[in-house]
Amino acid sequence: MRAEELKGHLDAVLLAALEDGPRHGYAVIESLRQNTGGRLDLPTGTIYPALRRLEQAGLITGSWSVVGGRRRREYRLTAAGNRALSGKRADWLDFSAMVSAALEGRPCPSPA
Amino acid sequence: MPQPRLISSYLTVLAAQLPAPIVEELADGLTETHRSYLQQGLAPDDAAKSAVAEFGEPQEIVAEFARVNPARRTARRLLGIGPVVGACWAVALITDRVWPGPLPARILVGLALITIIGLLAASALSTRYRLAARAGVAGCVGIAILDAVLITGVTFTGAPMTWLMVAAMVASTARIAFAARSLVPALAR
Numbered sequence: 000m001r002a003e004e005l006k007g008h009l010d011a012v013l014l015a016a017l018e019d020g021p022r023h024g025y026a027v028i029e030s031l032r033q034n035t036g037g038r039l040d041l042p043t044g045t046i047y048p049a050l051r052r053l054e055q056a057g058l059i060t061g062s063w064s065v066v067g068g069r070r071r072r073e074y075r076l077t078a079a080g081n082r083a084l085s086g087k088r089a090d091w092l093d094f095s096a097m098v099s100a101a102l103e104g105r106p107c108p109s110p111a
Numbered sequence: 000m001p002q003p004r005l006i007s008s009y010l011t012v013l014a015a016q017l018p019a020p021i022v023e024e025l026a027d028g029l030t031e032t033h034r035s036y037l038q039q040g041l042a043p044d045d046a047a048k049s050a051v052a053e054f055g056e057p058q059e060i061v062a063e064f065a066r067v068n069p070a071r072r073t074a075r076r077l078l079g080i081g082p083v084v085g086a087c088w089a090v091a092l093i094t095d096r097v098w099p100g101p102l103p104a105r106i107l108v109g110l111a112l113i114t115i116i117g118l119l120a121a122s123a124l125s126t127r128y129r130l131a132a133r134a135g136v137a138g139c140v141g142i143a144i145l146d147a148v149l150i151t152g153v154t155f156t157g158a159p160m161t162w163l164m165v166a167a168m169v170a171s172t173a174r175i176a177f178a179a180r181s182l183v184p185a186l187a188r
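Line by line, the protein sequences give chains A and B.
Numbering of the first sequence is given in numbering that gives the first Met the number 0, commencing with residue 0 and proceeding in unit increments.
Numbering of the second sequence is given in numbering that gives the first Met the number 0, commencing with residue 0 and proceeding in unit increments.
Everything labelled a hint here was simulated from the structure, so no lab data went into it.
Where a beta carbon is used, it is the ideal one built from N, C-alpha and C, also for glycine.
Each hint should be verified, as a subset may be incorrect.
To be verified - Calculated lysine to any residue pairs in the SDA-like style (CA-CA distance at most 20 Å, straight line):
| id | chain 1 | residue 1 | chain 2 | residue 2 |
| --- | --- | --- | --- | --- |
| 1 | A | K6 | B | G55 |
| 2 | B | K48 | A | K6 |
| 3 | A | K6 | B | E56 |
To be verified - Under 10 Å between C-beta atoms, here's a sample of chain B residues computed to sit facing chain A:
| id | residue |
| --- | --- |
| 4 | D27 |
| 5 | T30 |
| 6 | T32 |
| 7 | S35 |
| 8 | L37 |
| 9 | A42 |
| 10 | D44 |
| 11 | F54 |
| 12 | G55 |
| 13 | E63 |
| 14 | R133 |
| 15 | W162 |
Okay, chain B solo, but in the shape it has when bound:
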């Protein structure tokens, strides 16, 4: 039996915002719901209207999927641990009076950090699935690169390896490992 136009349109709206496997699962559920209304004696168009109404607003479904997106969860965790890692670096650099790289490079690192925080915040708060996923992955990659740049910069500056500096480098390395591990499920969606 051909799919009623209302159901096709509903799925098209979802397909524009969600990955194909999720839309396939929703399509199966919506088809079953439609079939159930047909079995109750409704005309095909009325059954389609009831099925779509029962499923709920597409934006509500998309927002719920955005909330369970692994990239969004990773973004929230990175935002949570960010101040801790940042404080480790601030204390180490200020206490040891180490300022790796020339001033323009430091400004660049600062701007990159602001951009990354913006990306992670966009992922953590967005109700749009694809935005939450892409911003989360970009923020995740960005923070890992920034940590690597910080570790490399301090190492090549020849800064004294005090325990504060080692603690900051360990914190950054742990964050790189967390970001890398989190990227696998985030990219699989």
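Next comes chain A alone, as it looks inside the complex:
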């Protein structure tokens, strides 16, 4: 999947990658890669500004540590981030169910 196709869903995908616990930037990318079977093809460097944007929005919080002599920034979900993830997940499930129904020519299930 290309970056343009993911536009609008990147925030949800990044929040989901942090749902299981705190991760640094590279671990977020690795998690996305594993969860999508390597189909997510994003310029890795652009994940970091997206994480900063989520931090500014108060959805995640970042903290520094030192690992192997290098400074590393680790991110974790905030309570607002958890709520935002739940909302985005529900929206996506409704949306994908609607599009699937339209593409397959079957009745759309009622929203949850």
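Please arrange chain B on chain A, whose structure you already have, making use of the hints.
Below, chain B alone, put in the same frame as chain A:
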């Protein structure tokens, strides 16, 4: 293990355009990406090439960071509310027939306003991180000073405090407060 030259050069390009903490975070990610390719069996130079290619073009990364710069966001908001505050002052000054200060001072205020709008627009549109940050902070400080000058000018002119004038002064005071509050995260970057 020493850092491959390709990775050092890549980080040098980023360091020339981004603040040190951001470059440190990117350096950590790039080092981890390089290490991952080494573990897959690539030679160090090939691993460095793959890591850099995976990260993307430095200008693309810089442009993305410029877009999330707090100064740029503040500049966009100030440009958005600018016409509202400007309209408040225009209506108050024209309706109440108040023209604070001598003509040269008014021309100076007009030129300052044009400069500030230019700075805020540069910050709002720039894909260069440092330009977006500096122009945004300068525009933010400039608009706060201009609002303070307007409020002081009207007060010392002894203009009648009609509700229109009070509304314009309240709008400017609110903008000063917004600019001051926004400067803290913008300067922290």
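Here's how the hints hold up against the structure:
1. Pair hint A:K6 plus B:G55 holds up; C-alpha atoms about 17 Å apart against a cutoff of 20 Å.
2. The hinted pair formed by B:K48 and A:K6 fails the criterion: a straight-line CA distance of about 27 Å is larger than 20 Å.
3. The hinted pair formed by A:K6 and B:E56 meets the criterion: a straight-line CA distance of about 19 Å does not exceed 20 Å.
4. Contact between B:D27 and chain A, as hinted, is supported at the beta carbon level, the nearest pair being about 5 Å apart and thus within 10 Å.
5. Given hint, B:T30 at the interface with chain A, holds; its Cβ is 7 Å from that chain's nearest Cβ, closer than 10 Å.
6. Annotation: interface hint on B:T32 holds; nearest CB of chain A at approximately 6 Å, less than 10 Å.
7. Taking 10 Å as the C-beta cut-off, the interface hint given for B:S35 holds, the closest approach to chain A being about 8 Å.
8. The interface hint given for B:L37 is broken, as the beta carbon of that residue sits about 14 Å from the closest beta carbon of chain A, more than 10 Å.
9. About 20 Å separates the beta-carbon of B:A42 from the nearest beta-carbon of chain A, more than 10 Å, and the hint is not met.
10. At a threshold of 10 Å, the smallest CB-CB gap from B:D44 to chain A is about 19 Å, leaving the interface hint violated.
11. Among the interface hints, the one on B:F54 holds; its C-beta lies about 4 Å from the nearest C-beta in chain A, closer than the 10 Å criterion.
12. Checking B:G55 against chain A: minimum C-beta separation of about 3 Å stays under 10 Å; hint holds.
13. Restraint check, B:E63 versus chain A: the minimum CB separation of about 4 Å is within 10 Å; hint holds.
14. Restraint check, B:R133 versus chain A: the minimum CB separation of about 18 Å is more than 10 Å; hint violated.
15. Taking 10 Å as the C-beta contact cut-off toward chain A, the hint placing B:W162 at the interface is violated, the least distance being around 37 Å.
Violated hints, in rising order: 2, 8, 9, 10, 14, 15; the structure is consistent with all others.
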